[in-house]
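2 protein chains.
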Amino acid sequence: MNEVVFSPIGVLRTPHLRPESMPIQPAGARGVRGEALLAPHVGDGLLHLDGFSHLILLYVFHEVGPAKLRVTPFLDSQAHGVFATRAPCRPNPIGLSVVRLLGVEQDRLLLEDVDMLDGSPLLDIKPFVPSFDVPVDAVRIGWLAASHDAAEAARSDARFQHG
Amino acid sequence: MNEVVFSPIGVLRTPHLRPESMPIQPAGARGVRGEALLAPHVGDGLLHLDGFSHLILLYVFHEVGPAKLRVTPFLDSQAHGVFATRAPCRPNPIGLSVVRLLGVEQDRLLLEDVDMLDGSPLLDIKPFVPSFDVPVDAVRIGWLAASHDAAEAARSDARFQHG
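Sequence order for the protein chains is A and B. Going by the numbering used here, the first residue of the first sequence is number 1, and it counts up by one from there. Going by the numbering used here, the first residue of the second sequence is number 1, and it counts up by one from there.
Bear in mind the hints are in silico, worked out from the structure with no lab data behind them. Heads up, some of the hints might be wrong.
Identical copies carry no separate label here, and so any pair may be met within one copy or between two of them.
[To be verified] Straight-line distance between alpha carbons at most 25 Å, and here's what the computed SDA-like set of lysine to any residue pairs gives:
#1 68 / 39
#2 68 / 137
#3 68 / 108
#4 68 / 5
#5 68 / 4
#6 68 / 135
Note that this is a predicted model, so its numbers are computed, not measured.
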């Protein structure tokens with residue numbers, strides 16, 4: 001299959017300056033503000049975007065190393081196939097985040113709940129539409145179900161220690 | 001900003017052979033079966049994927065024409081910025097669909113609710129995780145709210161005419 005070439009439409013600005021400081025889970029990004037700075041030539045594509053409360057951003061995991069097909073995520077002791085995880089070290093390192101849109105100012109989007117690294121090249125912006133993007137049937141999340149519980153427990157421990 | 005090069009990890013097989021025969025809305029794809037045929041070298045990345053009921057697929061809108069920044073969608077008379085739509089004619093023509101995973105067989109994923117064109121090059125597979133991918137706050141869908149009603153009305157009309 002042929003290679004595909006994309007040109008970033010802008011860049012993401014967030015307080016997450018280094019991979020080590022990233023939130024472990026998107027819930028850890030709640031309330032965190034950031035911006036998308038768009039290239040001027042795509043500005044016309046933003047018309048009526050401000051009617052949507054949430055966006056799906058596709059961007060490049062630009063600081064990731066080589067792809068790995070097996071990954072042992074944080075808070076887990078077992079290896080999983082990379083496609084069964086959200087780890088950045090994917091064959092095509094494309095990140096996906098659902099964020100809140102707070103405002104549109106010329107070529108700048110004001111965002112909340114950002115969990116991406118500062119400087120991430122932005123590839124696409126899509127409106128989040130529940131009837132397209134949320135399954136109507138029950139959702140199973142495999143190995144992540146146990147990991148969710150572990151993350152919850154870890155937070156609880158920390159709270160007890162520091163409280 | 002520099003260009004980014006991706007290599008497809010596989011190809012999507014669906015009954016939607018031509019753009020004209022595509023479902024207008026993802027709801028029109030409900031129950032439609034398809035497959036993802038993966039390149040053998042990424043097979044190791046599928047471990048434990050079968051624990052997830054739904055996947056997010058990222059793929060290339062491979063039959064799309066040149067990008068347009070203003071789009072007048074089907075069932076609408078007004079132009080919108082392309083980033084406020086899910087139209088394929090985007091600056092970076094990346095498609096995103098949430099599908100059901102029915103089974104994993106070697107290098108083949110059996111899928112349901114497929115709304116993509118047959119032959120679409122597959123870029124990435126991510127597990128759908130409600131706590132990552134569904135906003136906790138209320139969602140507004142801008143101009144699409146009115147269009148939803150129009151689509152509903154159009155279907156109702158057709159039903160009355162053919163019933």
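- Within a copy, between copies, both or neither: where do residue 68 and residue 108 come within 25 Å Cα-Cα? Cα proximity of residue 68 and residue 108: across copies only (20 Å, versus 34 Å in one copy).
- Query: Within a copy, between copies, both or neither: where do residue 68 and residue 5 come within 25 Å Cα-Cα?
  - Reply: Close inside one copy (22 Å) and across copies (18 Å); limit 25 Å.
- Message: My question is about residue 68 and residue 39: at a cut-off of 25 Å on alpha-carbon distance, are they close within one copy, between copies, both, or neither?
- Response: between (32 Å within a copy, 15 Å between copies)
- Item | 25 Å Cα threshold - placement of residue 137 relative to residue 68 | neither (31 Å within a copy, 34 Å between copies)
- Task: Have a look at residue 68 and residue 135 and pick one of within, between, both or neither, based on CA distance no larger than 25 Å.
- Result: Answer is neither: 29 Å inside a copy and 29 Å across each miss the 25 Å cutoff.
- Is the C-alpha distance from residue 68 to residue 4 at most 25 Å within one copy, between copies, in both cases, or in neither? This pair counts as both: shortest intra-copy Cα distance 20 Å, inter-copy 19 Å.
Hints 2 and 6 from the list above are not met by this structure, while the remaining hints are.
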